[in-house]
Amino acid sequence: MITVDDAHPTPAFEQIRAQIANQILIGTLANGQRLPAVRQLAADLGLAPGTVARAYSELEGEGLIETRRGAGTRVSLQSDHYPEVLDAAIDFAAAARERSLTLDAAILALRAAWE
Amino acid sequence: MALLLPSLIALLATAFSAAVSIRALKSVRSRGRTIVVLVAAEAETRRAVRGAQGRMLLALVLGLVAAIAVANLWIGAFGIPLTIAPGVGAAIALVSIVASPLPRRQAPSGIRRADLTAREATTFGPRWAFVLPVVAAVLLVALVVATGATAELDSRGLARVLYTVVQPGQTNAGSPYPGWYYGAPILIVTGILVGCTFLALRRVAAAPRNSAIDFWAMDDAVRSALTRFVMFISSGTIVLYLGAVALQSGSILRSGAQWSHIKQSVLDAHLRAGDMSFVTRAKDVVHGVVQPQYTTGAIETVVGLLLIGVALTLAILAIASIRIRWSVSAPSEPEKVDA
Numbered sequence: 001m002i003t004v005d006d007a008h009p010t011p012a013f014e015q016i017r018a019q020i021a022n023q024i025l026i027g028t029l030a031n032g033q034r035l036p037a038v039r040q041l042a043a044d045l046g047l048a049p050g051t052v053a054r055a056y057s058e059l060e061g062e063g064l065i066e067t068r069r070g071a072g073t074r075v076s077l078q079s080d081h082y083p084e085v086l087d088a089a090i091d092f093a094a095a096a097r098e099r100s101l102t103l104d105a106a107i108l109a110l111r112a113a114w115e
Numbered sequence: 001m002a003l004l005l006p007s008l009i010a011l012l013a014t015a016f017s018a019a020v021s022i023r024a025l026k027s028v029r030s031r032g033r034t035i036v037v038l039v040a041a042e043a044e045t046r047r048a049v050r051g052a053q054g055r056m057l058l059a060l061v062l063g064l065v066a067a068i069a070v071a072n073l074w075i076g077a078f079g080i081p082l083t084i085a086p087g088v089g090a091a092i093a094l095v096s097i098v099a100s101p102l103p104r105r106q107a108p109s110g111i112r113r114a115d116l117t118a119r120e121a122t123t124f125g126p127r128w129a130f131v132l133p134v135v136a137a138v139l140l141v142a143l144v145v146a147t148g149a150t151a152e153l154d155s156r157g158l159a160r161v162l163y164t165v166v167q168p169g170q171t172n173a174g175s176p177y178p179g180w181y182y183g184a185p186i187l188i189v190t191g192i193l194v195g196c197t198f199l200a201l202r203r204v205a206a207a208p209r210n211s212a213i214d215f216w217a218m219d220d221a222v223r224s225a226l227t228r229f230v231m232f233i234s235s236g237t238i239v240l241y242l243g244a245v246a247l248q249s250g251s252i253l254r255s256g257a258q259w260s261h262i263k264q265s266v267l268d269a270h271l272r273a274g275d276m277s278f279v280t281r282a283k284d285v286v287h288g289v290v291q292p293q294y295t296t297g298a299i300e301t302v303v304g305l306l307l308i309g310v311a312l313t314l315a316i317l318a319i320a321s322i323r324i325r326w327s328v329s330a331p332s333e334p335e336k337v338d339a
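Protein chains in written order, with the numbering used here: chain W, 1 to 115; chain D, 1 to 339.
Hints are supplied without guarantee of correctness; some may be wrong.
To be verified - Pairwise CB distance ranges, derived in the manner of DEER restraints: (1) W:89 x D:99: 49 to 59 Å; (2) W:89 x D:120: 52 to 62 Å; (3) W:27 x D:213: 18 to 28 Å; (4) D:38 x W:111: 41 to 51 Å; (5) W:89 x D:213: 21 to 31 Å; (6) D:188 x W:83: 49 to 59 Å; (7) W:89 x D:15: 53 to 63 Å; (8) W:89 x D:18: 31 to 41 Å; (9) D:216 x W:113: 40 to 50 Å; (10) D:216 x W:27: 21 to 31 Å.
Claimed, not checked - Covered stretches of chain D (chain W as the covering partner; in silico rule of three or more C-beta atoms under 8 Å from a C-beta of chain W): (11) 69-82; (12) 201-210.
As the list claims (entries may be wrong) - Sample of chain D residues lacking proximity to chain W, with all beta carbon distances greater than 10 Å (derived): (13) 110; (14) 111; (15) 148; (16) 158; (17) 173; (18) 188; (19) 291; (20) 322.
Just so you know, these hints were derived from the structure itself, not from any lab.
Quantities reported herein were computed from a predicted structural model and do not represent experimental measurements.
Don't be surprised by glycine CBs; every beta carbon is placed ideally from N, CA and C.
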């Protein structure tokens, strides 16, 4: 499910793009899963089709989805390793919490390890 | 051998249609689940359910009126109006489903919600419900082609006769046989019906969903009921055509395979007596049948009746689809606090 908050300062297309991207990256939307057609999603959300089309276009640009004539729009995550990394991140966050680290401190630790 | 083909196709159609109808009956029984809605959503749910039920009832009424009108307003053409009436009625019923939108309510909070599931024409019905009309339509085409190929032209040049027996003073014709004269309109109406079915299914699936998430289960139930209604109307009509073609071709084949004539000894006796004008007594007539045409025709007749029975069952299931079960969840009791 996705939501679009009329009162939120973020544009509607960006709200849609960000939520779909998140759901793809955390594995809620599986690779190959079919997404609703632009018209369907726009009608359900009560938005102009162009708003949803722009969100889809940006997701395509990021390589997260692809649209084929006749096959509709499907999730096409190039890397399938993200869920594994997410699992490791969950373990890392749990370890940081156990040691009473703040989020900023945990990010610093991750950055140090990254570099 | 060519005369056996319609019987074989009809038999195949009966076996398939009966199996799917039994599956449909079981499905309707098991799908009797009740959607429970919150008290706050009661009025909205009632509005949505009544709206969907109203659409289905209106479709039935419009379809029936159209079928009766077509069958009665146009007299003549050797039964063509009656032939196309069920298909036209069903198509009108489905067009009315396409023409009337599902009621929709936007969430008042300013938060718009949508699920990320693609809704397609086949989303809200079981697989068998979509297989039945397709297979039935294919079998109907095969049956019509088979009867068309075995039909002869009548005195007006219309392909609606199985056989013509010319005797001194009279001509007997095996008619009305479902040759191309009846078969071509049946195929055209069936094509239109299949198109209307697809449009109606797409319309039901693609209609915008309510923004209120509490309402989604009910929304699914309403769409499922409408999908079942569309599929039962469509399948029932195509199976009815299958049954009618099988019944009519079977009964013509069966009657054509019967023969009777006056016993030769009786004829000789009358000739010897110079009696050229005499009353034939029943005991002087010999009856017989030509095989395997007679048995084939009999089987086809029975199979046609069975198929018409299946079509009526599907029509009843379409009416049963109008019922959408729902109830309101009882408000929870406030917890008692000891003083």
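Self-check item: Least C-beta distance between residue 158 of chain D and chain W, which was stated to exceed 10 Å
Solution: Non-interface label stands for residue 158 of chain D: nearest chain W Cβ at 43 Å, farther than 10 Å.
Quiz item: Is the distance from the Cβ of residue 89 of chain W to the Cβ of residue 15 of chain D consistent with 53 to 63 Å?
Solution: Holds - the Cβ-Cβ distance for residue 89 of chain W and residue 15 of chain D, about 58 Å, lies within 53 to 63 Å.
Quiz item: Minimum Cβ separation between residue 110 of chain D and chain W greater than 10 Å?
Solution: 4 Å, violated
Practice problem: Could you say whether the range 21 to 31 Å given as a hint is met by the Cβ separation of residue 89 of chain W and residue 213 of chain D? | Solution: 29 Å, holds
Exercise. Mind verifying the non-interface call on residue 188 of chain D? Its CB should be farther than 10 Å from each CB in chain W.
Key: For residue 188 of chain D, whose nearest Cβ neighbour in chain W is about 28 Å away, the distance exceeds 10 Å, so it holds.
Quiz item: Given a hinted range of 49 to 59 Å, is it respected by the beta-carbon distance of residue 89 of chain W and residue 99 of chain D?
Solution: With a Cβ separation near 52 Å, residue 89 of chain W and residue 99 of chain D satisfy 49 to 59 Å, so the hint holds.
Quiz prompt | CB-CB spacing for residue 83 of chain W and residue 188 of chain D relative to the 49 to 59 Å hint | solution = 54 Å, holds
Practice problem: Indicate whether the distance between the beta carbons of residue 89 of chain W and residue 120 of chain D respects the range 52 to 62 Å. | Solution: 36 Å, violated
Quiz prompt | Cβ contact check, 8 Å cutoff: the segment 201-210 of chain D against chain W, three residues minimum | solution = That given contact holds, which follows from 4 residues of the segment 201-210 of chain D lying within Cβ reach (below 8 Å) of chain W.
Quiz item: Is the gap between the beta carbons of residue 27 of chain W and residue 213 of chain D within 18 to 28 Å?
Solution: 22 Å, holds
Quiz item: Would residue 111 of chain D pass as off the interface with chain W, using Cβ distances and a cut of 10 Å?
Solution: Given a closest Cβ separation of 5 Å, the condition is violated.
Exercise. Verify that the Cβ of residue 291 of chain D lies farther than 10 Å from every Cβ atom of chain W, and report whether the claim holds or is violated.
Key: 53 Å, holds
In terms of the numbered hints stated before, the structure departs from hints 2, 8, 11, 13, 14, listed from lowest to highest.
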